[in-house]
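Novice: The chain contents come next:
There are 2 protein chains.
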Amino acid sequence: MKIIVDGMGGDNAPQEIVKGTIKAASELASTEPDVTVSIIGPEELIGNCLKENGWNGSNIEVIDATEVITNDEAPAMAVRRKKDSTIVKALNLIKKGEADALISAGSTGALLAGGLVTLGRIKGIRRPAIAAWFPKLHNGGTTLLLDCGANVEAKPEYIFQNGIMGAMYVEGVKGIKNPEVRLLNIGAEETKGDELHKEAHRLLASGSINFTGNIEGRDVAVTDCEVVITDGFSGNVFLKSSEGAVLAVMNRFKEKLQEGLKAKLGALLAYSKIKELKQIFDYADVGGAPILGLKGAVLKVHGNSGEREVYYAIIKAIPYIRNNVTQMIADAVTQNEELFKTDSAEE
Amino acid sequence: MKIIVDGMGGDNAPQEIVKGTIKAASELASTEPDVTVSIIGPEELIGNCLKENGWNGSNIEVIDATEVITNDEAPAMAVRRKKDSTIVKALNLIKKGEADALISAGSTGALLAGGLVTLGRIKGIRRPAIAAWFPKLHNGGTTLLLDCGANVEAKPEYIFQNGIMGAMYVEGVKGIKNPEVRLLNIGAEETKGDELHKEAHRLLASGSINFTGNIEGRDVAVTDCEVVITDGFSGNVFLKSSEGAVLAVMNRFKEKLQEGLKAKLGALLAYSKIKELKQIFDYADVGGAPILGLKGAVLKVHGNSGEREVYYAIIKAIPYIRNNVTQMIADAVTQNEELFKTDSAEE
Chain A
113 MKIIVDGMGG DNAPQEIVKG TIKAASELAS TEPDVTVSII GPEELIGNCL
163 KENGWNGSNI EVIDATEVIT NDEAPAMAVR RKKDSTIVKA LNLIKKGEAD
213 ALISAGSTGA LLAGGLVTLG RIKGIRRPAI AAWFPKLHNG GTTLLLDCGA
263 NVEAKPEYIF QNGIMGAMYV EGVKGIKNPE VRLLNIGAEE TKGDELHKEA
313 HRLLASGSIN FTGNIEGRDV AVTDCEVVIT DGFSGNVFLK SSEGAVLAVM
363 NRFKEKLQEG LKAKLGALLA YSKIKELKQI FDYADVGGAP ILGLKGAVLK
413 VHGNSGEREV YYAIIKAIPY IRNNVTQMIA DAVTQNEELF KTDSAEE
Chain B
113 MKIIVDGMGG DNAPQEIVKG TIKAASELAS TEPDVTVSII GPEELIGNCL
163 KENGWNGSNI EVIDATEVIT NDEAPAMAVR RKKDSTIVKA LNLIKKGEAD
213 ALISAGSTGA LLAGGLVTLG RIKGIRRPAI AAWFPKLHNG GTTLLLDCGA
263 NVEAKPEYIF QNGIMGAMYV EGVKGIKNPE VRLLNIGAEE TKGDELHKEA
313 HRLLASGSIN FTGNIEGRDV AVTDCEVVIT DGFSGNVFLK SSEGAVLAVM
363 NRFKEKLQEG LKAKLGALLA YSKIKELKQI FDYADVGGAP ILGLKGAVLK
413 VHGNSGEREV YYAIIKAIPY IRNNVTQMIA DAVTQNEELF KTDSAEE
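So the protein lines, in turn, are chains A and B.
Residue numbering for the first sequence follows the working numbering, beginning at 113 and increasing consecutively.
Residue numbering for the second sequence follows the working numbering, beginning at 113 and increasing consecutively.
Don't read these hints as lab results, they were simulated from the structure.
Please note that the accuracy of each hint is not assured.
It does not matter which identical chain is meant; a pair holds if it fits inside one copy or across any two.
[What the hints assert, rightly or not] Below, computed lysine to aspartate or glutamate pairings styled on EDC-like, alpha-carbon distance capped at 16 Å:
id: 1; residue 1: Lys235; residue 2: Glu449
id: 2; residue 1: Lys374; residue 2: Glu388
id: 3; residue 1: Lys304; residue 2: Asp184
id: 4; residue 1: Lys135; residue 2: Glu164
id: 5; residue 1: Lys304; residue 2: Glu185
id: 6; residue 1: Lys289; residue 2: Glu328
id: 7; residue 1: Lys368; residue 2: Glu388
id: 8; residue 1: Lys407; residue 2: Asp443
id: 9; residue 1: Lys267; residue 2: Glu307
id: 10; residue 1: Lys163; residue 2: Glu311
id: 11; residue 1: Lys387; residue 2: Glu371
id: 12; residue 1: Lys366; residue 2: Glu388
id: 13; residue 1: Lys374; residue 2: Asp123
id: 14; residue 1: Lys114; residue 2: Asp146
id: 15; residue 1: Lys267; residue 2: Asp306
id: 16; residue 1: Lys286; residue 2: Glu307
id: 17; residue 1: Lys304; residue 2: Asp123
id: 18; residue 1: Lys195; residue 2: Glu302
id: 19; residue 1: Lys374; residue 2: Glu164
id: 20; residue 1: Lys248; residue 2: Glu367
id: 21; residue 1: Lys428; residue 2: Asp397
All chains should be built: construct the whole structure from the sequences, respecting the hints.
Specialist: Printed below as a string of structure tokens:
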């Protein structure tokens, strides 16, 4: 198994990317001897960075790529033009079967556009979706949320397929059989929502996955269900709103506990518990966000990712590949194909 | 000026509704002698409740209504059938010019359906919208968010008009001239979002209000802008997600500070500051959520509202009526009418 890490993606490249890769590769050398991690980027730069960080192992390979696609570039255009960019080159290696996954902190748009052009969609899948882990604030677990914004002009079938893809991914990487899937909507009853979500509800209720109905935004943070699906616009609004609210509360809390001696002393006494609280919101260990629906494993990590995020993304990509989630999705789509045959001419 | 309070709406009716009304009326007797507050509901029940709570003033009037519309009823049907319900009767009094506002903790759907049927829309307004105050978590102020779910099948013109209505409401009730308005979207750049939000952005940029561009969900809690607009589906998702996240963090925080003696002692020392933090999220004093776009002032308060919520909703409804926000909206719509003429045949 070969996992490629984009050495030039994100704000902290290549330094933190290389460090995270070294950390993962050091561990994998003994636990997963058949896994090779490749860093893609300018050969000399990456090579030097590996040396600086004291790397002397054998399970990191450097793949030379001279170009980088930045966040400012129009993704589709950049993907067409920059054939020797880290992202395009890595995707071509996956397509050729010479690598199994790409992890990148670079442009989400380029990963998506490049993935579509190079790898293509899984047969039957209408639109890929970005799936992100959202912390369960009541028990420290995580819920998979999709689509987080790959596809903002949604149709009911896309949302339905998000359900299939999310369920297969959770089953494949967490080993949870038949995970519970809910539809993010503006009311709990099946009659609630706009036409898009009402029709998606009808499809989901007829499909083969374990769909248990609507969920409202206020309940996602404390739900026990494993997958929450919606269209890319609402999903993105949900994710950013929740993150914004959590961050604002935490910052306000921090400020308040610095006002006056009594509060400061109180904060000092409660320090270890406050630290535990902060860890619940530490996204670093969840692993990357997969772009599901592509014929190959492509994972996005936050642009500001550091060593830990990269390390966890590598480690957590292994079951994604080993359990062949891409094939699981393809099979599940086939199983449900009659539910979205009507519109398939458009594909 | 006459403000009608629905004596039978919400979980705590009539007790808390009557208490809140007494609190407001007692104060208004000296500060606003021309304001009468009416409670609508079964005459004997409300009369007894006023007596029980020691009311002996003269500026509360009881209006008899024998029926109540519950949350379980289909709103449009209930509004047609229950002519003697608190909501329908109160709306008819506003229509006849015998009252100026209705405040209710009852069915939002019935307020909306009843408002449309009885009062009708302001000339030129395509769809009413529910506007709610959202706390600014960085400075204790509030931002007006609309639409929070009145209208889930949106068009760009509706979102544009939400901007007009929100700006006029904030100007009318807070006295802020030319308040800053932003569009909730999935990216800051004007090219971001689905077609609906991109077209809304174009309209907003051409209109007469102080539109300053897109805002992402993560920034709303800490924005300085006065009004955030979007479609009813996204608005509802935003509001509930943020509330859910805040609540989950606060609960988790409370739990953590009860784990062990040191944390408990710390919490005790920091108690006054923690209390201040909780007050930022106390929505009781913001006033009700106006259903904007109707020819008359209709305000919804939370179904679980207590005395304080009702009191503040009454007090804060006064500038809404006195500054004739309904007329301000009508004028602003006229001023911008050429921007949405194209689609007006559909009205």
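Novice: List, from low to high, the hint numbers that the structure doesn't satisfy.
Specialist: Hints 6, 10, 13, 16, 17, 18 and 19 not satisfied by this model.
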